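Given next are the chains, with one letter for each unit.
Protein chains: 2
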Amino acid sequence: MDDSKPEQVKSIADLARIGGVSVSTVSRALTGKGALNKDTRERIQALADRHGFKLNVAAQNLRLGRSGAIAVLLPLGHERGQHLSDPFFMVMLGFLADALADRGYDLLLSRVLPQGDDWLDTFIRTGRTDGVIIIGQSNQSAVLDRTAAHYAPMVIWGEQSARNAHITVGTDNQAGGALAAQHLVERGRRRLAFFGNVAVPEFAARYQGFVAALPADLRDTVELVHTHITPQASLEVAAAWFAEGNRPDGLFAASDVVAMSLLSAATDNGLSVPGDLSIIGFDDIPMARLTSPPLTTVAQDIEGGARQLVDLLFRRLAGEDAGSISIAPRLVIRESS
Amino acid sequence: MDDSKPEQVKSIADLARIGGVSVSTVSRALTGKGALNKDTRERIQALADRHGFKLNVAAQNLRLGRSGAIAVLLPLGHERGQHLSDPFFMVMLGFLADALADRGYDLLLSRVLPQGDDWLDTFIRTGRTDGVIIIGQSNQSAVLDRTAAHYAPMVIWGEQSARNAHITVGTDNQAGGALAAQHLVERGRRRLAFFGNVAVPEFAARYQGFVAALPADLRDTVELVHTHITPQASLEVAAAWFAEGNRPDGLFAASDVVAMSLLSAATDNGLSVPGDLSIIGFDDIPMARLTSPPLTTVAQDIEGGARQLVDLLFRRLAGEDAGSISIAPRLVIRESS
DNA sequence: ATGCTTTAAGCAAACGTTTGCAATCGTCTC
DNA sequence: GAGACGATTGCAAACGTTTGCTTAAAGCAT
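For the record, the sequence lines run as chains A and B. Per the numbering used here: the first sequence = residues 1 to 337. Per the numbering used here: the second sequence = residues 1001 to 1337.
It is possible that part of the hints are untrue.
To be verified - Here are the simulated lysine to aspartate or glutamate pairs, DMTMM-like style, with alpha carbons at most 25 angstroms apart:
no.	chain 1	residue 1	chain 2	residue 2
1	A	Lys54	B	Asp1121
2	A	Lys38	A	Asp14
3	B	Lys1054	B	Asp1014
4	A	Lys10	B	Asp1321
5	B	Lys1033	B	Asp1014
6	B	Lys1010	A	Asp321
To be verified - Far from chain A, by Cβ distances over 10 angstroms, these chain B residues were calculated:
no.	residue
7	Val1021
8	Lys1038
9	Thr1221
10	Gly1304
Worth flagging that the hints you see were computed from the coordinates, not collected in a lab. Treat the numbers as computed from the prediction; the structure is a model and nothing was measured. Glycine included, each C-beta is placed from N, C-alpha and C at the ideal position.
Work the whole structure out from these sequences, hints included.
Okay, structure coming up:
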């Protein structure tokens, strides 16, 4: 028989010729849309299989006026030049990839170094994607607001604020900060510090929530130590800070990675955790339980967050005017406090 | 004047009409290709700017017979159902994203749960991408080989083997294992174990190189402990293993994350590192210096690897028959050994 | 003026699909 | 046996670009 089919089938037209039908028939057979005789449909499908033919998604999308992809953008406004390795991103990305794949969409990944105030509009106007998910406002809230005004299918993972026009999904960072504060206070800690970069909206909210939840007499004494959240940067900052002779008894870190740096620096300085001081992180990355002692942290529901991001995006894509979503954080007490 | 331009410009044709020229002229003006009068070119470009018009990349790519995207696939053959959070992936992904962006290509991210032996061909045939980068062979070497036979623009990050037909870029894992072995032997360690999943080609090579580089009398005593490389799984395995009473003095982990689990479990069992035992990881993820003690590890040049992957892919895309690349590992001695 | 070259811009086909409408055919009803 | 109807398939335009070819206009030398 002719089970060797040397002929290259590159398009629906080729298949139509071979099958002795029209291109419309092939299209209808392969997409399952439109009315078509069951026999012909099956015959064409079999033929396509035999030739290893798949519809060209690009052409399909062009015709359908969509792109079939959602962009996930990581704006590096702050950590510019730093390579983000934080497991948080990988976990988030993984869940987003799954959620988008479930809906038959591709995930277009892009790290962007924000340039001027036009990068987002420029990106969107190229029509590469049907929607945009942005991980973290970074220092680009103004740009996001401007775009949100005329572009609906965009959702941001980050800090929600009444001042912002853009739609967000994110942990209630203030509440998270408050959880950390309450916990440290319960543990009797009084010489407190926060490590992070408050130019980043999420971290600012964590700090603010932290301070606000402290008893009045502690509120003014809590120290704010500025650091980027990369391992290298935060380790340097922490080491230098301890070297200055600072001897806190309670530290709240903007992220688990920063908390790990603090833990490491504290140990290097002969301090015991949680004996001499408590350390609390934020995120609950999978590795948080691998430190010694395992890290107490404010957990974000990353999986739920990713699902909500995608849900919300598709609802907006469908024309619905769905709004921001806030997710409650949860304190995970391990042994670093 | 008319600096309010309410009219929506959706296509090159709209712009042509407004500018009083033909679509070809607009195309030539905006792409810079073909001969065109300098004045008209600038006039059209200015017009496009004023209307915020960008060429539709999808249509452009369709016409040019390309997709403008490269797929990065993470096959989850082994760690099925586990969520990969390993910083290694994020670092790799970041560098890949940059390298691809530099060449004007989009990065299409996809986690794939390999189904049958057709998932890769099916993916490729949809024409979504111009090339494929695969991170890790997982347990899919056969599938990769089959596809490599007829599809050139595909490169794999992973273990190189004479038995494989597919093109790889990767660390010389055997050499990496040997580095670990030599180091432990130099430290006088003799009760050794390897932690990892040798069904994964990279890890098998690390193990094999490790054993082969040991003195003859140690080669048969080294224990192989099977574990997935997720934080959770490896921590459980390590804890159980120590609980059984095992008291090694030298551990080599398939990855830094596993090494962190070992460190954690050892500490929990009252063992001191490096006093009682040495632990060596693999990867040198940014967090490796955050553990206490900081982790000795076999470093992979992830940035260089990503660059090579992309380089190689584009050379093959250009028709060149470029072959596999092996990258030398480097031992980074910190304080866990 | 004429013809030749050079430069500039337009025409129309093509990339690989989808889909509204029209055409064909067989069947059914009266 | 004719008209009507339903089911099935084909035709051709459209999605937004790029580009080979052609034409128009202008510059130049004779």
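Against the structure, the hints:
Annotation: proposed proximity of Lys54 of chain A to Asp1121 of chain B holds, straight-line Cα distance about 10 angstroms (limit 25 angstroms). Of the pairs offered as hints, the one joining Lys38 of chain A and Asp14 of chain A holds, with about 21 angstroms between alpha carbons and a cut-off of 25 angstroms not exceeded. Between the alpha carbons of Lys1054 of chain B and Asp1014 of chain B the distance comes to roughly 12 angstroms, so the proposed pair stays at or under 25 angstroms and holds. For the hint linking Lys10 of chain A to Asp1321 of chain B, the alpha-carbon distance of about 24 angstroms falls within 25 angstroms, and the restraint holds.
The suggested pairing of Lys1033 of chain B with Asp1014 of chain B holds, with an alpha-carbon distance near 20 angstroms, which does not exceed 25 angstroms. Among the hinted pairs, Lys1010 of chain B with Asp321 of chain A is consistent with the structure: their alpha-carbon atoms are about 24 angstroms apart, no more than 25 angstroms. Non-interface status of Val1021 of chain B relative to chain A is upheld: no Cβ of that chain comes within 10 angstroms, the nearest being about 21 angstroms off. Interface exclusion of Lys1038 of chain B from chain A stands, the closest Cβ pair being 24 angstroms apart, more than 10 angstroms.
In this structure Thr1221 of chain B is separated from chain A by more than 10 angstroms, as the shortest Cβ-Cβ distance comes to about 28 angstroms. For Gly1304 of chain B, the shortest C-beta to C-beta distance to chain A comes to about 13 angstroms, beyond the 10 angstroms cut-off, and the non-interface label holds.
Violation of the numbered hints given earlier is absent; every hint is satisfied by the structure.
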